Amino acid sequence: MSNTRKKVLMFGWEFPPVISGGLGVATLGLCKALAPMADVQMVIPKSVPDFSIPHISLIGLNSFTQQELDILFTSENSFYRKHYHQNQHWDINPYTKIPEGEYIHQKFFSVFQEQVKPFEIDDLYAGDVIKKVIEFARIAVQFGLTQEFDIIHAHDWMTFLPAMELKRRTGKPLVLHVHSTEYDRSGPESKNWVYDLEQQGMQEADFIIPVSRYTGKICHTHYGIPTHKIKPVHNGIEAIKPMVRPKPFKEKLVIFFGRITMQKGPSFFVEAARIVLQQYPNVRFVLAGSGDQMYGLIEKIADYGLGDKFSFTGFLNKQKLNELLAIADVYCMPSVSEPFGLSAVEAVQYQLPTLISTTSGAAEVLNGALQFEFWDTHKFAQYIIASLQYEGLKNSVVESNAKSLQSITWEHCAAEVIKVYEELEPLN
Amino acid sequence: MPSICFYFQVHQPYRLRDYSFFDIGSNHNYYDDLKNKEVLDKVAERCYLPTNQLMLELIEKHNGQFKISYSISGVALEQFATWRPDVLQSFINLANTGCVEFIAETYYHSLAYIFSKEEFKKQVEAHGKLIEKYFNQKPRVFRNTELQYNNELAAYIEDLGYEGIICEGVDRHLGDRTPNFLYKAPNANTIKSLLKNYKLSDDIAFRFSNQEWHEWPLMADKFASWVHGIAGHGETINLFMDYETFGEHQWAHSGIFEFMRHLPEQVLQHSDFSFKTVSETIDAYPVRDTYDCHELTSWADTERDLSAWIGNPMQDEAIAKIYALEKQVYESKDEKLIDDWKKMLTSDHYYYMTTKFWADGDVHKYFSPYDSPYDAYIYFMNALSDLKIRLELKGEAQKS
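Top line first, the protein sequences correspond to chains A and B.
Heads up: the first sequence runs through residues 1 to 428, numbered per my numbering.
Heads up: the second sequence runs through residues 1001 to 1400, numbered per my numbering.
Among these hints, one or two may not hold up.
[Stated by the list, open to error] Label pairs and their in silico Cβ distance ranges:
1) A:Pro188 - B:Ser1307: 52 to 58 Å
2) B:Asp1171 - A:Gln389: 58 to 64 Å
3) B:Phe1357 - A:Asn282: 35 to 41 Å
4) A:Arg245 - B:Ala1324: 28 to 34 Å
5) B:Asp1316 - A:Arg245: 46 to 52 Å
6) B:Phe1357 - A:Gln147: 52 to 58 Å
7) B:Phe1357 - A:Pro49: 50 to 56 Å
8) B:Gly1311 - A:Lys241: 31 to 37 Å
[Stated by the list, open to error] A short, non-exhaustive set of chain A residues, derived as facing chain B with CB atoms under 7 Å:
9) Val244
10) Phe249
11) Tyr295
12) Gly296
13) Ile298
14) Glu299
15) Ala302
16) Asp303
17) Gly305
No lab work stands behind these hints: they were computed from the structure.
Since the model is a prediction, treat every value here as computed from it, not as a measurement.
Note that the Cβ used here is the ideal one computed from N, Cα and C, for glycine as well.
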């Protein structure tokens, strides 16, 4: 397969401008950088008419009209009935409970029974996501069958269903890009339908591209995937010109941003802050983001009597995030499990000293970052104090990170992905 | 010869806007002017103007036999003067009838009595001046924010020169006695306590439009017959309620205005009965017994305590931190700063932070301009941070 320009059929979920986290940013960055080297068709749930990217063909399933769908589905045969309704071909445990109190196989059944309707989705992660994922798969597969391509490349579990199905039906090689796993999001105890789907996908894939060696290790140890199939490729980042803004107060500012969930370790940030404030009261802390741990942490901070030292900003858009980075003095990412951690790299672009947990992909690429075990709040606090106090330490962290930054590019990432494509054996 | 004592609470806080972290140190405007004006307009149209008009008509119709009392917070009066002078004028018109009395309270509808007696005194004084300015009356009766009350407060208020004080008639302190007499705190000498008859007050304020209630629909003649039934074992029936009962909590189509329109004539059909303002009530009747209320009570929620304003960590921290600034704020001698600080003492800010029933989504949520008590806390603390920065800058400027 080498030396020819590959045709890649890609499946994504978040995609700009419809994004809520790092996945959308990463998918776009990779797509853009791949464009000079491969023909990429990107299938996503939702596209916006006035958003396009040069050399990338963007297909939003929401743009298919009923008429177009009817044409697509004239060729839909009894495949689904045979394979899904009777749960024969399907290894995923059909009795896995999902939160809504239904069984997954009932969802499959109802989605495939129904007359196909134009795909509608407002919020990618609200409501019955699993049902949306199945509806997405149903249409995406039919669309895929009408296209010409050499490789199937899917980003995260939401898109694994159509990718696996197309591999089965066309014999084309399958590459799964793993930006985050259920292990990261819900911890090692979670063995649910999403986990099952991820594992099934990884087993059927020819190659898995985790966004870090750290995540690759999870694919191996937690999902039981042989290491020869795992090809870690680090994300890149687009170069920016950092915003400049005067700080409207005198105190030093220490920031955390990301979802306020167990995975991101915000409670360790709070505990470390408490230790810091005992010694250095003239520091402010910001928790930017939202999530299910937010209310509990607000109460905890009030209980500690630190409410005037802490600010919760809620979810920040890009502009506000830049405003925050522009006035920050230290960036913290105490994630319990962080596949990559694009935000840490964004902080590096602002020349902030970065304090990150060892359980993160960013720790592999940011050579200067101060690293700690996420639970070690004393060490974490000492790093905050040291970064604020010792210019020498701060400067060496910043300089070393700046060097690392030079190789964290999407071009580099895309070149690595192309190498993975080239290792694929032609199957037909 | 029993009488009815109607007293209505009128209050609007300066709600804080969604004051974010990004405003700290750079934007010193804490208020949601748009929202505050919007609420005021809405309540003016639905409640203040039509109810004031009705009260005026009733006073005229009954030749001075229908009398009522109001407590209007200083921050409400300020906002009337700024945005709705017509509402202010309608209250002045009522004052001019001679049948309407205005009650003393804290200017900022604050919890200052609990957290700073000094500030409390200043606010009561400032409120008294405002009442005199607009209504040409010197209040003789006091009521604390949301009827917060205990023995100690009664004696304290007596020392400030007031002759009466308003409170909730709380069952656990009244026992099997009726609220329909005047009482006295055990430690007070002369000040008389007027206890709210919560049963009859809440029939109007809360249950009026409740179709599940076995007395629904409540008509003026039925209510008057309940009032008349008190003859012989009571002297004053204290009907205390939020003024927004009329047209806002009980919507116009519930018939609340018609009810009120006919109530005076129904009550006065019994020639022994009359209406009295709060001062007239304390002048007319002697103290009949001691009302011993050591704990702080209020008219809020079923607990009738202070748990709607204080007690959760967010409320406790916000209150502790804002009151801690008192000395520094006054030392700044910066009027705008002092005013901003005082506006943040308004009790509503802490009420919005309550998590008591947040999960069930009830009355607290309905009255909150924010999405959650956590948001209320965040905006308040952000504004507080900014206030502290201003104080520091002021302090540095004063030193140099």
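How the hints compare with the structure:
1. A:Pro188 - B:Ser1307: 52 to 58 Å: This hint is violated: roughly 41 Å between Cβ atoms.
2. B:Asp1171 - A:Gln389: 58 to 64 Å: holds, 60 Å
3. B:Phe1357 - A:Asn282: 35 to 41 Å: holds, 38 Å
4. A:Arg245 - B:Ala1324: 28 to 34 Å: holds, 31 Å
5. B:Asp1316 - A:Arg245: 46 to 52 Å: Since B:Asp1316 and A:Arg245 have Cβ atoms about 34 Å apart, the given range 46 to 52 Å is violated.
6. B:Phe1357 - A:Gln147: 52 to 58 Å: holds, 55 Å
7. B:Phe1357 - A:Pro49: 50 to 56 Å: Since B:Phe1357 and A:Pro49 have Cβ atoms about 45 Å apart, the given range 50 to 56 Å is violated.
8. B:Gly1311 - A:Lys241: 31 to 37 Å: violated, 49 Å
9. Val244: For A:Val244, the interface hint is violated, since the closest Cβ of chain B sits about 15 Å away, which is over 7 Å.
10. Phe249: Holds, because the Cβ-Cβ distance from A:Phe249 to chain B comes to roughly 4 Å (cut-off 7 Å).
11. Tyr295: holds, 5 Å
12. Gly296: violated, 10 Å
13. Ile298: holds, 5 Å
14. Glu299: holds, 5 Å
15. Ala302: holds, 4 Å
16. Asp303: holds, 4 Å
17. Gly305: holds, 5 Å
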